[in-house]
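Undergrad: This is what each chain is made of:
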Amino acid sequence: MTAIVTIRVQEADFDVAREIEALTRGRKDIGAVVSFSGICRDGDGGASLAALTLEHYPGMAEAEITRHANEAMSRWPLTGLTVIHRVGRITPGENIVLVLTASQHRQAAFQAAEFLMDYLKTSAPFWKREENADGADWVEARDRDDAAAARWTRS
Amino acid sequence: MTAIVTIRVQEADFDVAREIEALTRGRKDIGAVVSFSGICRDGDGGASLAALTLEHYPGMAEAEITRHANEAMSRWPLTGLTVIHRVGRITPGENIVLVLTASQHRQAAFQAAEFLMDYLKTSAPFWKREENADGADWVEARDRDDAAAARWTRS
Amino acid sequence: MKVKYFAWVRERIGKPEETIEPPADVRTVEDLIGWLARQGETYAYAFERPRVIRAAIDHSHVRPDAMIAGAREIAFFPPMTGG
Amino acid sequence: MKVKYFAWVRERIGKPEETIEPPADVRTVEDLIGWLARQGETYAYAFERPRVIRAAIDHSHVRPDAMIAGAREIAFFPPMTGG
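Chains as they are written, first to last, in our numbering: chain S, 1 to 155; chain F, 156 to 310; chain Z, 311 to 393; chain V, 394 to 476.
Note that these hints are calculated values from the structure, not bench results.
Computed from a predicted model, the values in this text were never measured in an experiment.
Please note that the accuracy of each hint is not assured.
[Stated by the list, open to error] Computed spacing ranges between beta-carbons, pair by pair:
#, chain 1, residue 1, chain 2, residue 2, range
1, F, E249, V, K408, 31 to 41 Å
2, S, A133, F, T157, 40 to 50 Å
3, V, R431, S, N132, 56 to 66 Å
4, Z, R373, S, D13, 46 to 56 Å
5, V, E434, F, T157, 49 to 59 Å
6, F, G243, S, D13, 43 to 53 Å
7, V, P457, S, R151, 37 to 47 Å
8, S, T6, Z, E358, 48 to 58 Å
9, Z, K312, S, D146, 49 to 59 Å
10, V, P443, F, T161, 48 to 58 Å
11, S, G26, F, N225, 35 to 45 Å
[Stated by the list, open to error] Sample of chain F residues lacking proximity to chain Z, with all beta carbon distances greater than 10 Å (derived):
#, residue
12, T157
13, E176
14, L209
15, H211
16, A218
17, G248
18, K276
19, T277
20, F281
21, K283
22, R284
23, E295
24, R299
Just so you know, even glycine gets a beta-carbon here, dropped at the ideal spot from N, CA and C.
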């Protein structure tokens with residue numbers, strides 16, 4: 001059976017259950033499905049967040065996610081994966097990103113999902129701008145995201 | 156806000172979307188939700204699997220999952236977690252187990268979900284019996300599951 | 311003392327639980343497995359590989375050297391295969 | 394050659410894209426950042442910390458020493474913060 005790879009950049013929200021269904025429907029060779037939902041949360045302690053605005057580089061965003069999806073497929077025995085990244089204005093409590101991985105075995109599904117999230121954070125061309133009571137500002141990249149992505153580098 | 160911990164052993168199937176909703180409804184402090192669905196799959200290459208029958212030790216199963224849920228809550232900053240383990244007869248393609256973890260940060264959610272799955276595999280009192288065309292037999296425990304669980308032992 | 315059996319231990323013994331009264335010199339889980347294995351053919355078959363058998367006292371996993379005094383419920387079963 | 398800008402690079406320059414014709418001695422991405430930074434105040438502001446700027450040629454990440462010859466589209470942006 002062929003692997004199912006779905007990659008979408010969209011303004012609309014996603015439905016985790018429907019995406020899991022699309023990845024597993026009619027199949028009996030899948031033992032593990034991992035989903036990661038990244039959700040917009042209110043600020044850490046400080047000023048309350050009104051919303052995030054997600055900007056992306058159309059064309060490159062899809063290309064970069066596809067490259068990493070292909071790498072995940074080559075590194076782990078996956079039966080399929082789904083990446084959906086939202087763009088536009090997103091308020092606290094709303095979904096930002098979905099990564100789904102399906103495999104015969106749980107370790108492959110977990111590792112591929114973590115790999116994809118680490119790379120989305122550091123390598124896919126998306127930028128977050130935060131709006132709060134004081135105005136709006138671009139989110140700074142975090143060193144720990146680079147460190148998380150670096151652990152997947154093959155020596 | 157208090158953490159939400161849900162643990163169920165049941166014959167009925169579960170609905171991932173509804174369980175995610177129960178863990179996240181009305182909250183704005185959650186940045187990451189990881190779900191793991193363990194699914195009954197057809198045999199590996201050999202004889203086709205007709206069904207699994209899951210037996211458990213009532214009372215101890217819930218107690219053992221609760222113990223590990225509490226350990227996960229103490230090791231990672233989770234806003235909630237859900238573990239649902241089905242029992243009874245389950246056919247290929249059907250769900251067996253669900254682990255959901257919610258946290259501010261993705262690493263905590265991923266690690267806690269893997270920890271819970273590794274312990275469910277090796278420590279929660281459930282036993283699988285496989286039915287196929289040749290009859291039925293109990294599934295043997297796998298060394299690699301013990302190895303996966305051992306990595307969480309604190310020295 | 312109530313004893314419970316699960317999975318193939320239960321199938322081999324032919325019952326899911328029973329009440330037993332082992333003699334006073336049966337002090338540990340390991341002693342109890344040895345004593346049970348001498349209670350007939352079905353028990354000998356269930357406990358033929360004592361190292362494979364796992365035990366729990368009052369819903370907690372215990373090692374073979376755990377003392378059984380005061381236990382309300384002891385369970386014997388094969389390695390777990392849930393998840 | 395088409396150039397695109399994203400996030401605060403775009404905001405500082407004040408436009409999302411433009412077509413440029415750098416001189417022949419502008420050979421690498423690093424050269425191009427230096428040349429753009431001299432095209433006016435808004436450019437100087439956008440590229441004031443050249444080490445922070447990331448670049449892509451034809452939708453692939455590239456390093457500052459990448460040659461720009463043959464590029465159809467070059468993009469400049471801050472470190473990414475998606476996911």
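Undergrad: Confirm or reject the claim that V:P443 and F:T161 have a C-beta distance inside 48 to 58 Å.
TA: 51 Å, holds
Undergrad: Taking the minimum C-beta separation from F:K283 to chain Z, is that value above 10 Å?
TA: Non-interface label on F:K283 violated, nearest chain Z Cβ at 5 Å vs cutoff 10 Å.
Undergrad: Minimum C-beta separation from F:A218 to chain Z exceeding 10 Å: can you confirm that?
TA: 5 Å, violated
Undergrad: Quick one: work out the minimum CB distance from F:R284 to chain Z and report holds if it exceeds 10 Å, violated otherwise.
TA: 7 Å, violated
Undergrad: Do the Cβ positions of F:E249 and V:K408 conform to the proposed distance bound of 31 to 41 Å?
TA: 55 Å, violated
Undergrad: Just to be sure I understand the hint, the distance between the Cβ atoms of V:R431 and S:N132 should be within 56 to 66 Å; is that true here?
TA: For V:R431 and S:N132 the Cβ distance comes to about 35 Å; the hint is violated.
Undergrad: Once the closest CB in chain Z is found, is it more than 10 Å from F:H211?
TA: 7 Å, violated
Undergrad: Decide, holds or violated, for the assertion that all CB atoms of chain Z are farther than 10 Å from the CB of F:R299.
TA: 13 Å, holds
Undergrad: Hey, does F:L209 actually stay past 10 Å from chain Z on C-beta?
TA: Non-interface label on F:L209 violated, nearest chain Z Cβ at 7 Å vs cutoff 10 Å.
Undergrad: For F:K276, is the shortest beta carbon distance to chain Z beyond 10 Å?
TA: 4 Å, violated
Undergrad: Over 10 Å from every CB of chain Z: does F:F281 meet that, or does the non-interface label fail?
TA: Its Cβ does come within 10 Å of chain Z, the nearest being 3 Å, so this is violated.
Undergrad: Does the beta carbon distance between Z:K312 and S:D146 stay inside 49 to 59 Å, or does it fall outside?
TA: 57 Å, holds
Checked against the numbered hints given earlier, this structure breaks hints 1, 2, 3, 6, 7, 14, 15, 16, 18, 19, 20, 21, 22 and 23; the rest are met.
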